[in-house]
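Listed in order, the protein sequences are those of chains A and B. Take the first sequence: its position 26, counting from 1, is numbered 25 in numbering that gives the first Met the number 0, and each next residue is one higher. Take the second sequence: its position 431, counting from 1, is numbered 430 in numbering that gives the first Met the number 0, and each next residue is one higher.
Hints were generated in silico from the structure; no laboratory data involved. Note that CB positions come from ideal geometry on N, CA and C, so glycine has one too.
As a list, the in silico DSS-like pairs of lysine-lysine whose alpha-carbon atoms are at most 27 Å apart:
{"#": "1", "chain 1": "B", "residue 1": "Lys-218", "chain 2": "A", "residue 2": "Lys-10"}
{"#": "2", "chain 1": "B", "residue 1": "Lys-149", "chain 2": "A", "residue 2": "Lys-89"}
{"#": "3", "chain 1": "B", "residue 1": "Lys-214", "chain 2": "A", "residue 2": "Lys-37"}
{"#": "4", "chain 1": "A", "residue 1": "Lys-10", "chain 2": "B", "residue 2": "Lys-285"}
{"#": "5", "chain 1": "B", "residue 1": "Lys-228", "chain 2": "A", "residue 2": "Lys-37"}
Covered, in the sense of this in silico footprint (three residues per stretch, anywhere, with C-beta under 8 Å from a C-beta of chain A), are these stretches of chain B:
{"#": "6", "segment": "203-210"}
{"#": "7", "segment": "281-292"}
{"#": "8", "segment": "314-327"}
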Amino acid sequence: MQKSLHIDPGKCTGCLQCEMACSYENYGVFNISKSRIKVFNFEHEGRKVPYTCTQCAEAWCMTACPVDAIKIDAATGAKVVNEATCVGCKVCTIACPFGTVNYVADTGKVQKCDLCGGDPACATACPTGAITYVESDWTGLEKMRLWAGKTDTQPRANA
Amino acid sequence: MAWTRKILRVDLTNGTCKSEPLNMKLAQEYLGQRGLATKYFVDEVDPKVDPLSPANKLIMATGPLTGTPASTGGRYSVITKGALTGAIACSNSGGYFGAEMKFAGWDMIIFEGKSPKPVYLSVEDDKAELRDASHLWGKTVWQTEEIIKKSHQDPQVRVCSIGRSGENGVLYACIVNDLHRAAGRSGVGTVMGSKNLKAVALRGTRGVAGMKDAKAFMKAATAAKQVLKDNAVTGQGLPAFGTQVLMNVINEMGALPTRNHRDVQFESARKISAEAMAEKRPTDGKSNLVTNAACFGCTIACGRVSKIDATHFSVVNKPEYWGATGGLEYEAAWALGAANGVGDLEALTFANMICNEDGYDPISFGATVGAAMELYDLGILTKEQIGMDAPFGSAEALCKLAEMTARGEGFGKELGLGSKRLCAKYGKPELSMSVKGQEFPAYDSRGIQGMGLTYATSNRGACHLRSYTVASEVLGIPVKTDPLVTEGKADLVKAFQDATSVFDSAGVCVFTTFAWTLADLQPQLDAACEGDWTMEKLALVGERIWNMERQFNNAAGFTAKDDDLPPRLKTEPAKTGPAKGLVSGIDKMRPEYYKVRGWDANGVPTKETLSRLGL
Numbered sequence: 000m001q002k003s004l005h006i007d008p009g010k011c012t013g014c015l016q017c018e019m020a021c022s023y024e025n026y027g028v029f030n031i032s033k034s035r036i037k038v039f040n041f042e043h044e045g046r047k048v049p050y051t052c053t054q055c056a057e058a059w060c061m062t063a064c065p066v067d068a069i070k071i072d073a074a075t076g077a078k079v080v081n082e083a084t085c086v087g088c089k090v091c092t093i094a095c096p097f098g099t100v101n102y103v104a105d106t107g108k109v110q111k112c113d114l115c116g117g118d119p120a121c122a123t124a125c126p127t128g129a130i131t132y133v134e135s136d137w138t139g140l141e142k143m144r145l146w147a148g149k150t151d152t153q154p155r156a157n158a
Numbered sequence: 000m001a002w003t004r005k006i007l008r009v010d011l012t013n014g015t016c017k018s019e020p021l022n023m024k025l026a027q028e029y030l031g032q033r034g035l036a037t038k039y040f041v042d043e044v045d046p047k048v049d050p051l052s053p054a055n056k057l058i059m060a061t062g063p064l065t066g067t068p069a070s071t072g073g074r075y076s077v078i079t080k081g082a083l084t085g086a087i088a089c090s091n092s093g094g095y096f097g098a099e100m101k102f103a104g105w106d107m108i109i110f111e112g113k114s115p116k117p118v119y120l121s122v123e124d125d126k127a128e129l130r131d132a133s134h135l136w137g138k139t140v141w142q143t144e145e146i147i148k149k150s151h152q153d154p155q156v157r158v159c160s161i162g163r164s165g166e167n168g169v170l171y172a173c174i175v176n177d178l179h180r181a182a183g184r185s186g187v188g189t190v191m192g193s194k195n196l197k198a199v200a201l202r203g204t205r206g207v208a209g210m211k212d213a214k215a216f217m218k219a220a221t222a223a224k225q226v227l228k229d230n231a232v233t234g235q236g237l238p239a240f241g242t243q244v245l246m247n248v249i250n251e252m253g254a255l256p257t258r259n260h261r262d263v264q265f266e267s268a269r270k271i272s273a274e275a276m277a278e279k280r281p282t283d284g285k286s287n288l289v290t291n292a293a294c295f296g297c298t299i300a301c302g303r304v305s306k307i308d309a310t311h312f313s314v315v316n317k318p319e320y321w322g323a324t325g326g327l328e329y330e331a332a333w334a335l336g337a338a339n340g341v342g343d344l345e346a347l348t349f350a351n352m353i354c355n356e357d358g359y360d361p362i363s364f365g366a367t368v369g370a371a372m373e374l375y376d377l378g379i380l381t382k383e384q385i386g387m388d389a390p391f392g393s394a395e396a397l398c399k400l401a402e403m404t405a406r407g408e409g410f411g412k413e414l415g416l417g418s419k420r421l422c423a424k425y426g427k428p429e430l431s432m433s434v435k436g437q438e439f440p441a442y443d444s445r446g447i448q449g450m451g452l453t454y455a456t457s458n459r460g461a462c463h464l465r466s467y468t469v470a471s472e473v474l475g476i477p478v479k480t481d482p483l484v485t486e487g488k489a490d491l492v493k494a495f496q497d498a499t500s501v502f503d504s505a506g507v508c509v510f511t512t513f514a515w516t517l518a519d520l521q522p523q524l525d526a527a528c529e530g531d532w533t534m535e536k537l538a539l540v541g542e543r544i545w546n547m548e549r550q551f552n553n554a555a556g557f558t559a560k561d562d563d564l565p566p567r568l569k570t571e572p573a574k575t576g577p578a579k580g581l582v583s584g585i586d587k588m589r590p591e592y593y594k595v596r597g598w599d600a601n602g603v604p605t606k607e608t609l610s611r612l613g614l
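Next up, chain B with everything else stripped away, as it sits in the complex:
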């Protein structure tokens, strides 16, 4: 079966674990992972709930293709109400953890309540129990995984955990699995920490069997793999350069937000690019990049494995950081680098390691440092308040602040609250480069207009992974659109949002969509999953999921006013590059988008829309 048809419900308050059957009617309507877990979540949780209260729930969910040979079929998602945003949160991760959950026989794990003391969940196939985690509390992600593997005497156990940042209330804490893959955004790790849940350790030996038509599935999966192989982005660009292939491209487009979005091009972009990662360093004659790596089932292998320069100031006398580990991806390199004006590749590598080691989101962290550096530049924050000089471009400040945020020390505590709260506290709320409290990723809304609408309307706050119109506006996938105009972007964003909702619910990686359309995914799903999974049905499922998330946010108190960008992007034109003189046309696109969506002027889905979607 593509679904295991079993849910594990963990009551942290009472310390119990119970198995219950998956609602197969809902599986037919919401597919799995993001869609299905969100449906469970919105049915069970009050939208007004305080994200950090025991009444919030946290769901870890696989998709029907998780744990199968479908390329990239190893994904899982964490669904909760986000600590950073107060909106619906859904953070997706690769690595091996998701497939192991499926192999153990579970479609999803629902955590509810709050444990009276630190615990971790141990799952070995059917056997699930909460175990004491007092010896793990205060430990990093890396230490936690090592200790659990040793105590279980099982190197094959797969672990996800929170680091010290998730314990300390950093509002953008991640849940990290397999050392450096993360359910990264919106503070899902903060919610986990608030429940005194330190980790989940999984071991599954059952595997996935009994698909609707295994032969047809293998045929479809093999054909789809060939599509990835033959595509220039997924077959060549991503394996060779990783997502970092974008650094120079986006910079040349004038869409690389720099120094808290003051600029749109970074003079040191090349120094922090994929090309720089592959160059030999003068210090040791080796390159930052060691090799590429794949997540479970992935035939693209975009992951970066890096070794830091052991002579770099950040790791002098710290041999624990000299080994190979997860390296810089584009979003992290941008947030830790261009967003702060830092052009020191090794400093970014160090800060990124700290984000992995202690489990917090490099995008929100880097962007918050960018905001702090602007406040320092304006004289609003002083050297005394921050504990150091923190001008734009300071690699020393970046590295120190990363460690302080991980440990919850000094000014690191304030950075841990994110840019929205930081800027509000110091009387400059407009300097937070965020939507719904979540910081922008690495594309400027002035130079890529569709991304402005993407950010403004994303259900989890500013995010590139809800509708990656960069694919169309920059790379011409599936069709080329002009990044500098607003025309047609409402339709484009809706189409990307709905399709992405399906990919996120299937168990595969959204990066496949550089090569795949729904037409490549559909035969795999239809062969694996019982029921008829036609293109029409999948399109409807995607739109249904998007509207369900929207309804939750509306009920949580978000309004059309929250579908907006910071004033800087609407009033300060891009200074250089192809977008010079442009501001974001968000105010023009928003009403068009509502119309395309079948929502009223306030961004509320109309009765007709809801009834058409069966909501």
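Bound-form chain A, shown alone:
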């Protein structure tokens, strides 16, 4: 069963534990500037929104890459950058509609979320459940449940 990161901005407090977990998982350092998930703070609306790669089924970054450095991880469905192949041309960063694949000047390569091989560190680190890892087909299930709860049916009387 394929799984996806599911993000509920309404639960995000802006603590950045996800960003620290991401950088630690991938680089062994607590360094939010290296994180592949970013929390954006819309100060005057009082909203904080974690954002990262959604792992498009038809991945434009992958299609655009001239050296086939982005491959699909068969187990997770993640689009994964092979650093050894990447030439740092940045074409994928232009192709991605969401801006979630990014160039790293230090390495001369691009980086993006790879779902940590199926155990995303950001989801584990999130203290509020704003980031969870759920079955891809049912990312809307919780929202459906909430709306379902608002329907005005009454419990059936005892038959």
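Dock chain B against chain A, hints included.
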């Protein structure tokens, strides 16, 4: 490394920035942040220095856990000699600024001297330079942050700055970071302003790496997070209600100082409580509270984000205040509300915004307004002198006075000097509800006896964050004690003071102590920091820090006489509530406390005590 092992020394007089290695021997003795920066400060600065002279220094310091995934690990402190108090000052702030300092590779930044013209410090990793700030002088905190972010073309830069109040000599000016987090008390922002230093802009891309045992640290940090989650206060109360959860609780205890401590219960407490913040307003159908928010690394998330009622008189035709921003915390809601008898939640929200926007301490400001309202009530201050009618309970006066203090206009200038100077000027020094010149926070010493001793002996003047015995006396953390008695409070206060000194030096938030004891912090420190960080060592470090601060104050000229409360709290019994008929037993507790501390009758640490602590 938990420490970056680097200090940035900024000579404002000569305009230079230099890197120097952190003294690792001192780090083993004073840990970091509050302890370590204070050690540097007392070694380098004459205790008799005028706080606003170039010879005073100002240190911004992180702790070893700042910038790590330890819950709440984003704190930094500002250490200086306080403008309001003349005592050692250490003001702690959250937000994101502290972690960014660490990520840029600095344990602390020491500012010395005075710049000939307004400047701000720009730090990008190793690169540090002073830049012209003439275009920022006269701007608010909010404007300053926006202008710097635009000119750096970097929305991720983290900024702390002073507002107009810090430039204008308001003696309780803060240093505000991330728009509404503040190193709030004792006038640390006033000292920054006196040095012509407007702001610090940080960008760090190095991160924190190389802990003593990273795996053990992650394990310890994760276990400690679970403790916070499972605790009713840190897991449920604070995220849902914020510190404002206390308003009704403290009022019912008869320990909510009201109208400059004339009363101990406020008839409108409910109207300014957490519950009121969450209720839908009749005007727009929305609640004052928008959501809660966390500082860097914090898994509690007690912060309030609020939207003011756009129809409220304070913000009519002022759309710049209609957006979401930092909302009322308990101390601010009390100081701006109960302390003045003002029960208008939206008025408090407005005054609190002005405090954030122009960077001054809502506790000292609100309490000073309370003193002014009492002087007005007594006929000592007139409508003409204040520029308006200012009876207790006037929301209009509160809002106007907040704006006047921010801009340094009219009577706002006098309010900016704090209640001690205001009351002395008008011949009623006893009406200043302060210790060492710093105003009380939101707990009455008659209804919570331990807090009286806490205030009297706090090294930075009256303060709840030096030994929050409310935890024990009200909430039963870690053990329940009777708030109405003085017995045992000397030991309790000492224990809280010493433990808090460690938390303030580690890089984490003192609010963790609703759930954590030193035993929860110790494994995190021991895994992160080189050296053996045992419970015994941490206990000694905490006591050492407290005594070091005390020695500085003693050398600055403070004596046992300054460890006292205003006469009102010792002679006018609480009129209502569970503490009815009680006064503070400070005169009984003080000598007991000195004894427990190993100090002589004058409050001076004995030779044996100093030698035991390695001082």
